[in-house]
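S.K.: Here is what each chain is made of, one letter per residue.
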Amino acid sequence: MLELDKLVKLVGDGIEAVVTALGLGPTWVTLVQLIVAALVVVVFAALVVLFLVWWERKVSARFQMRLGPMRVGWHGTIQTIADALKLLQKELITPANVDRGIYFWAPVVTFVAAMAVYVTVPFGKGLIVRDLNIGILYILSITTFTVIGLLMAGWSSNNKYALLGGFRSAAQVVSYEVPMALAIVAVVMLTQTLSMGEIVSQQAKFYQWYIWRQPLGFLIYLVAATAECNRTPFDLPEADSELVAGFVTEYSGMKFAMFFLAEFLNMFTVAAIATTLFFGGWNGPFLPSWMWFLIKTLAGVFVLMWFRWTYPRLRVDQLMSFAWKFLLPLAFINIVLTGLGIYIFRP
Amino acid sequence: MADQFIFWVAAIVAIIAAIRVVILKNAVLSVLHLIVTLIALAVLFLQLSAEFIAALQIIVYAGAIMVLFLFIVMLLNLRKDEFGRDQLPWLRLLGTLAGAAFLAELISLIGGGRVMAATVPDGFGSVRSIGIALFGEYMFPFELTSLLLVAAVLAAVVVARRKSSNEVDAAPPAGSEGEA
Chain E
1 MLELDKLVKL VGDGIEAVVT ALGLGPTWVT LVQLIVAALV VVVFAALVVL FLVWWERKVS
61 ARFQMRLGPM RVGWHGTIQT IADALKLLQK ELITPANVDR GIYFWAPVVT FVAAMAVYVT
121 VPFGKGLIVR DLNIGILYIL SITTFTVIGL LMAGWSSNNK YALLGGFRSA AQVVSYEVPM
181 ALAIVAVVML TQTLSMGEIV SQQAKFYQWY IWRQPLGFLI YLVAATAECN RTPFDLPEAD
241 SELVAGFVTE YSGMKFAMFF LAEFLNMFTV AAIATTLFFG GWNGPFLPSW MWFLIKTLAG
301 VFVLMWFRWT YPRLRVDQLM SFAWKFLLPL AFINIVLTGL GIYIFRP
Chain B
1001 MADQFIFWVA AIVAIIAAIR VVILKNAVLS VLHLIVTLIA LAVLFLQLSA EFIAALQIIV
1061 YAGAIMVLFL FIVMLLNLRK DEFGRDQLPW LRLLGTLAGA AFLAELISLI GGGRVMAATV
1121 PDGFGSVRSI GIALFGEYMF PFELTSLLLV AAVLAAVVVA RRKSSNEVDA APPAGSEGEA
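So the protein lines, in turn, are chains E and B.
According to my numbering, the first sequence is numbered sequentially starting from 1.
According to my numbering, the second sequence is numbered sequentially starting from 1001.
Calculated from the structure, these hints are not laboratory results.
Each residue gets a CB set at the ideal place from its N, CA and C atoms; glycine is no exception.
Mixed in with the good hints, there may be bad ones.
Not everything, but these chain B residues come out facing chain E in the computed CB check (under 8 Å) [to be verified]:
{"no.": "1", "residue": "Leu-1032"}
{"no.": "2", "residue": "Leu-1038"}
{"no.": "3", "residue": "Ile-1065"}
{"no.": "4", "residue": "Val-1067"}
{"no.": "5", "residue": "Ala-1152"}
{"no.": "6", "residue": "Ala-1155"}
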């Protein structure tokens, strides 16, 4: 009853009617529809980040027996809006010795990469911008640009802490991408499709969720995804005590905010992918589908926050050997087991 | 019309970025422009309904190889004066000749009308069709390639490995392995 797919179809048809009435062809209809969809996704992402920042502060406060933000709004609910307004007003400082071109483009690359992923995330029944047939591969390929953005930021800042932070981040993300992709491969072996929409529709019933058949794959994905988001215990790229703020050290105002936004968006993204691949996506009883998607994804985000405020940070060498000597072989074993399972149970 | 527009934009971006890769003096900027070229090529692959190849192009080239390029180039942090004078001047000539030959070949191919617009069969460029081709018809060359890659990886490990204490020579120690 509260499903949004009818509304989406209505808006889409409305756009088609208006654009056709203006005497423009079907190409323009698609273009306008996509622009509207992109705007909706951008607004949604901004709202998600506003909420997540407040939530993270509240969760961290609870973990440390504090109250967290309490002054602005009920229990500090509009604290993030106040912070965002403050950031918007700040002067954009460009340090004297930065490489201007790369320094300017780095936050843009990171932010666009974080945003572009949402093209193929199934938010609910009928709520997917484009159900690409390479869905999950598209997400994996877009997220690689985040690393390039971080390296650009670290190098162009002309600051040793920023450079070290950028390098650490690149090494970490490249290393953990491999077990993460292999964990996803094991799921794809079962689904036999890469399309996000289809993967969700295969998990309509509770017992069909892929977590039951891929528990090891899920654990590998969870660890690797935490590392991909550069969050504790894998937050070495911005280990405050060693590197000030890592690759964002020389950024301020809106440019800083773009990195910040991308970071929180990435957290939501990995939780959304986990929901789609392992927890049945938007399938669920009683509540509308988009609400189930949000509940499952936010639960995933909460687990990431839980990690952050519970575990201490790893050392650089521990981080690397864990990825290459433990997670990677484990991911290969998982693929072999999955293959054996398919061979035995699906003649 | 939209197809044409996207093609021209991607093609022009690819060519301009590729030219800048060659002429820019700053190595980091060169690598970044190479990434732009690869993205533009991925767009062209998409237009040829080769979605899988496009995604792989970005994951493998832009995501893995170019990040390593960036990594190394940034670590070395070469400045203009550190390049020194051109040590292999004949390479420039050779490159120009090879480029010219390739261009001539392209022009004769396209001008000769031997390139036809192909009709694409159903499911062309999908993961399924590529997988069937790789593990069916082209099984042997595919496995040979992977063997070659394993050999290359082993060679890299042997070269990069720290010398054990009994075979230490005058060579300076390699960088610590842990910090990749």
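S.K.: So, for every hint listed, does it hold in this structure?
M.R.: Going through the hints against the structure:
1. Leu-1032: holds, 7 Å
2. Leu-1038: Not OK, violated: Leu-1038 of chain B not within 8 Å of chain E, min 11 Å.
3. Ile-1065: violated, 10 Å
4. Val-1067: holds, 5 Å
5. Ala-1152: violated, 17 Å
6. Ala-1155: Status violated, d = 18 Å.
In this structure, the earlier hints numbered 2, 3, 5, 6 are contradicted, and the remaining ones agree with it.
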